[in-house]
Amino acid sequence: MSIRSSNVGYPRIGEKREWKKTLESFWSGQIDKEQFTKTMEAIRLDSIRKQLEKGIDLIPIGDFSLYDHVLNTALMFGYIPERFQQIDDPLEQYFAMARGTNGQHALEMTKWFNTNYHYIVPEIGQTKPRLVENRLLKEYNLVKETFDLETKPVLLGPITFLLLSKQYERHEWRKHLEQLVPVYVELFKQLSEAGVSFVQIDEPILVQDIDDDIIDAFHHVYDVFYRDVPNMNLILQTYFDSVSHYQEIVALPVAGIGLDFVHDDGENMKNINTYGFPRDKILVAGIVDGRNVWKSSLTQKATLLHHLANVAEQLIIQPSCSLLHVPVTTKHEHALPTELAGALSFADEKLDEIRMLTEYMNGNTTINELIQYDEQTNSYLAKFRKQQEPTNDILTIPLSRVPYSERRKAQQAHLQLPLLPTTTIGSFPQTSDVRQARMKWKKGEWNDSQYKSFIKKEIAKWIDIQEQLQLDVLVHGEFERTDMVEFFGEKLQGMACTTNGWVQSYGSRCVRPPIIFSHVAYRQPMTVEETVYAQSLTNKPVKGMLTGPVTMLYWSFVRDDIPRKHVLIQLALAIREEVLQLEKEGIRIIQVDEPALREGLPLKKEKHASYWEDAVMAFRLATSSVKEETQIHTHMCYSQFEHMMHVIDELDADVISIESSRSHGELIAAFETYEYKKEIGLGVYDIHSPRIPTKEEISEQIERALRVLRPEQFWVNPDCGLKTRKEKEAIAALKAMVEAAHEYRERLLACGGKPSWK
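Every letter in the sequence shown is one number past the one before it in the numbering used here, and letter 755, counting from 1, is 763.
Dumping the calculated DSSO-like pairs for lysine-lysine here, alpha-carbon to alpha-carbon at most 27 angstroms: (1) K592 to K417; (2) K464 to K499; (3) K613 to K573; (4) K469 to K736; (5) K197 to K152; (6) K450 to K24; (7) K450 to K28; (8) K464 to K734; (9) K41 to K28; (10) K41 to K734; (11) K469 to K499.
Treat the hints as calculated values from the structure; they're not laboratory data.
Based on the sequences and whatever the hints tell you, model everything.
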């Protein structure tokens, strides 16, 4: 049989983040709409050209987005909340939903399954869906005209789309599905009439634990698709884990089934070996890791493919998921050690691997070429192969502190904080001046002394601003940090940072995940100098700001031949050393952020307990050696926390801050059923939107929180760091926040510390 190659999705950002720069130039008014549209189209077509040159047979379209693919789907089907319907310009409306306006809050944003990509959560409401514009057809025609190329439209499936949405009664989801399915049919018919052969319909919800009602919905929906558009070849695509209800899913009336053979823990293969695979369907095999950056062992992949070819009559080879989750290309990585750089495979290189495997399976290349590829990779990695396992030394490190009730008294006596203390999450705006100073230092145009002098001036400036704003607990601002994980990756042994290994996190925000290539170990203090300097400028407490071990692990690219628990312990021990160094220098509030805690949770419930056990262990290992008067904070954001309150409690942090502003305080309901006794800050405004909240809006958030939380345990803070905001935006929003907090503090003190409005 002839085997074809395919791609699930390609990074949007461009080799050198041209996409990000174009977005931000448009938002700031530096380019007009016409120039913006032309530049974005050029970036999109360039990604098609590259995949064509790589020899990929089924090239996706519809994976490109100006902000987020889920938001694209919502707008295409007319799910536009009423508060944005007065905006006539479609592009302005699109970005208003994503980022908010001065008059309207943005849609909620949360993590895309267990990745660090954030999607915009559609609001369904009472909207009756309609096909506003078939953007897939438009893009298909553009690519066909430009390259004379048949492509594969990619679309988020209706069941996953609805189950990831909000603002409707969940027991009525089938009613909304019935309304949505005919709109998908209309879209498919238009594509079919235009000559489209294959459509990839993504239903990643299938890898989660789903109930019989959802399975029944899949049967109904895909029966309708097959009945109404019988000539359309649908590829039902899954990724990130093994599919649940395998036998029922592969029996659905679709042309092909896309399975992840990398992150499935062997379950997809086990199911195929047990139940077989339908002879009338295409097996679309995701065998190259779309979420990590290490080169594949092509000989191992070839063995897997031979087995699959014996099972399936038709076979397509592709990455395990969209390549959105890895950087674009390694060709700009000249600063990495040769041994490491030679072992890496980013999006473009993964497509080369797909092509090589496809050619091998079609008899157009030999096994010797695959062996040669693997030998070269192994020689690169040999230097770093030896790993130290965690030693028994960790058994002597405490994993618990004195009871919270006792240490709270010690912390109150030492810190003397007022009721409803105000603070920020850590970072302040990284202005162009800050970025230019860092670039001059990295290029050697500034020496260490010049750069440190600049950083100290920024710290002093913002300590003064915070004091003028009357914040209660201050931060140094993190001006020396490019990113909350990359910064530590540059300083810890066993980690490396790329030059251009950017990955989209949300909107135009891109990060460069470090690469963990060897044993992680502490070298020297990483944050002490800046934090101690900031503390020397004020009598108010300054928080030490660190990134926690779980987040370091999940926001890095980790060797896939090393147990993750071993790496997690290494990271925890390194962060512990920094915590103790800060404490030694007199810092009495230390925040160890864990925004990836929920993100790392496995998609299958049977794996949850083990994950939580390791995550709690690592956080406690990093933080439990401090004195009782040292206050440990942590922060989490943009995930669903309602069902993990017991885990948050087990972390045993003295204060936790959690995002709740974009979800409009929905998390607060969790405290009606779970009695949380420690201190907590529920983010009172959304920092990812440029709009400045009013004091009244923040007051509503505070009052809502105080209906379920005791005043003495509540902190007032933004929902995340302010790095991406402009200075004027940050100051104006913090001013409104502090004023609202002070008003409530006065009201509480006037009524003896107990809310009179409860």
